[in-house]
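Q: Chain by chain, the residues run as shown.
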Amino acid sequence: MQSAEGKVIRYGDNIDTDVIIPARYLATSEPSELAKHCMEDIDRSFASRVSKGDIIVAGKNFGCGSSREHAPIAIKASGISCVIARTFARIFYRNSINIGLPIMECDEAYDKISDGDTVSVDFERGIIKDETTGEEFRGQAFPEFMQKIIDSEGLINYINRG
Amino acid sequence: MGMTMTQKILAAHAHQDSVQTGQLIEADLDLVLGNDITAPVAIKEMDKFSNKGVFDKDKIALVPDHFVPAKDIKSAENCKCVREFARKNKITNYFEVGQMGIEHALLPEKGLVSPGDLIIGADSHTCTYGALGAFSTGVGSTDMAAGMATGKAWFKVPSAIKFNLTGKLGKWVSGKDVILHIIGMTGVDGALYQSMEFTGEGVAELGMDDRFTISNMAIEAGAKNGIFPVDEKTIEYEKAHGADQGVITSADPDAEYTKVYNIDLSEIRPTVAFPHLPENARTFEDIPEIKIDQVVIGSCTNGRMSDLRTAAAILKGRHIAEGMRCIVIPATEAIYLKAMEEGLLKIFIEAGAVVSTPTCGPCLGGYMGILAAGERCVSTTNRNFVGRMGDVTSEIYLASPATAAASAIEGKIADPTGY
Ligand code: SF4
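Protein chains in written order, with the numbering used here: chain P, -8 to 153; chain W, 296 to 714.
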């Protein structure tokens, strides 16, 4: 995926994997089941208001806590096209790349983008544009190696092609 | 420029003379771990590989421990999936109910971790084995699948923060208080993408169980790993558990650190992390009277022998407060058995506690002690996020086994000093 565009759903700092997908739902790994409960412990309305292509914008340390891949899977299955945060917890970062959920780090975007804005992201150039305000921000583009994994739609395909 | 201890282990496994911070490497794995939640996802992914099968049946550990003994039908299905995979691939280190334990207590106990090893596990607390001078880190299920298939994983070489320890811990103060104090200083993202390297003469004063507890919670500071140097205590532990000698690694004298913290262990006091982040560390001067409903003593952080001994020493001849529930969970079957032989289980049960078979259980809000709305729990586990142990309005206070035991007796968050 080279670009994304959608409406922003905004959260604060330290959004942990226990609120992204609570452990009581981990007995399944079915993406559509997980999506039904995504974010429910901090935002009961998420599952009902999210629509395909939406973008999450959050503060620092997004995805901290457990290594459950169910967290990025739930977010991806909810239709989220990209997560932009100040910083990501490292396991969540890895998992997102490995399953092909685009993510990007950018301080300014968090500071300036409001909930409900329409935002577009150009992954190759690392450009985030707030279409509502017209402002542009520069995020971190991926190192080539990670971009290859994303382009292969995940680590396993990347290895298979190897 | 010199390398940190972590960088040296990574370089050795990437077959390179040296590596630098930020470099992307591909490294050989000595062990790949998964549990009943993460392994089924990885096993499904394995099917997508063009090359079927595992890279080395002796270098994979599968430990159903989270919802085990199976708490419901779906958990039972997950366990079945892991069990059948283990059988089909003749995995040596599969641990069935009755021989299992919480993975991060079990692997070192079974002698599966040696100094200098490079280990990944599809569980964030895989960082625990840093206590033995190994590089170990948590990954997701896809990384686990790729690791099982190829015996390799990609890493970005981390920078490191140095924690220079001096002095000696006081009575009823333990590794848990040290790491809660540290996370209180660094914050939950203070070591993001970095290694935490513990060093200094104070290390020798820490028992292995304290070191396991400290390395275990490195992830709660955002770290990639938390590593200790190898000393006589490590070697003794490894001998006792039949582990290979491994490769003893130490940081170069001119290794660079992004930050150095000096910590005098004798100044650490019993510490409690308030809801809802492990960084909300407080000592008893700043803790008002807070009534609690439940105490949990267990988990991969504090379910080891010395933790149970400490809790039993405080609970012996006493009874938990009226209306309290106290749940004690030995982390492995071997610990359970030893606690029985030493008479600790009797002490717990006579004090009014319940003793469970090894399981993660309440630590991640699975079962065996879920909290109702508004309930408060003092827990020796490692995370106090919103809803982690039950209802979203419940509260978890993270503490040491000594603080947890004193709190069970008093029915409120209580200072163990004086017991
Ligand atoms: S005891 Fe808790 S933190 Fe440790 S592995 Fe189990 S669920 Fe995870």
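Be a bit skeptical, because a hint or two may be false.
[To be verified] Over 10 Å on every C-beta distance to chain P, these chain W residues come out as not near it, computed from the model:
hint	residue
1	Glu340
2	Lys405
3	Trp449
4	Asp559
5	Gly612
6	Met663
[Unchecked claim] The list that follows gives simulated cross-link-like pairs (lysine to aspartate or glutamate, EDC-like), each with its CA atoms no further than 16 Å apart:
hint	chain 1	residue 1	chain 2	residue 2
7	P	Lys43	P	Asp98
8	W	Lys369	P	Glu21
9	P	Lys139	W	Glu321
10	W	Lys451	W	Asp353
11	W	Lys343	P	Glu144
12	W	Lys339	P	Asp108
Treat the hints as calculated values from the structure; they're not laboratory data.
Just so we're clear, the structure is a prediction, and the values are computed from it rather than from any experiment.
Cβ coordinates follow ideal geometry from the N, Cα and C atoms, glycine included.
Q: The structure should be examined with respect to each hint, and the outcome stated for every one.
A: Against the structure, the hints:
Separation of Glu340 of chain W from chain P is inadequate, the least Cβ-Cβ distance of about 6 Å not exceeding the 10 Å criterion. Interface exclusion of Lys405 of chain W from chain P stands, the closest Cβ pair being 21 Å apart, more than 10 Å. Against the 10 Å criterion, Trp449 of chain W falls within the reach of chain P, whose nearest CB is about 7 Å from its own CB. Separation of Asp559 of chain W from chain P is adequate, the least Cβ-Cβ distance of about 29 Å exceeding the 10 Å criterion.
The non-interface label for Gly612 of chain W is consistent with chain P: the shortest C-beta to C-beta separation is roughly 36 Å, beyond 10 Å. Separation of Met663 of chain W from chain P is adequate, the least Cβ-Cβ distance of about 13 Å exceeding the 10 Å criterion. At roughly 25 Å between alpha-carbon atoms, Lys43 of chain P and Asp98 of chain P are farther apart than 16 Å, so this suggested pair is violated. Using a Cα cut-off of 16 Å, the hinted pair Lys369 of chain W and Glu21 of chain P holds, with the two alpha carbons roughly 12 Å apart.
Annotation: proposed proximity of Lys139 of chain P to Glu321 of chain W holds, straight-line Cα distance about 15 Å (limit 16 Å). Under the criterion of a C-alpha separation no larger than 16 Å, the hint pairing Lys451 of chain W with Asp353 of chain W is inconsistent with the structure, at around 26 Å. The suggested pairing of Lys343 of chain W with Glu144 of chain P holds, with an alpha-carbon distance near 13 Å, which does not exceed 16 Å. Under the criterion of a C-alpha separation no larger than 16 Å, the hint pairing Lys339 of chain W with Asp108 of chain P is inconsistent with the structure, at around 38 Å.
Hint violations for this structure: numbers 1, 3, 7, 10, 12, all remaining hints satisfied.
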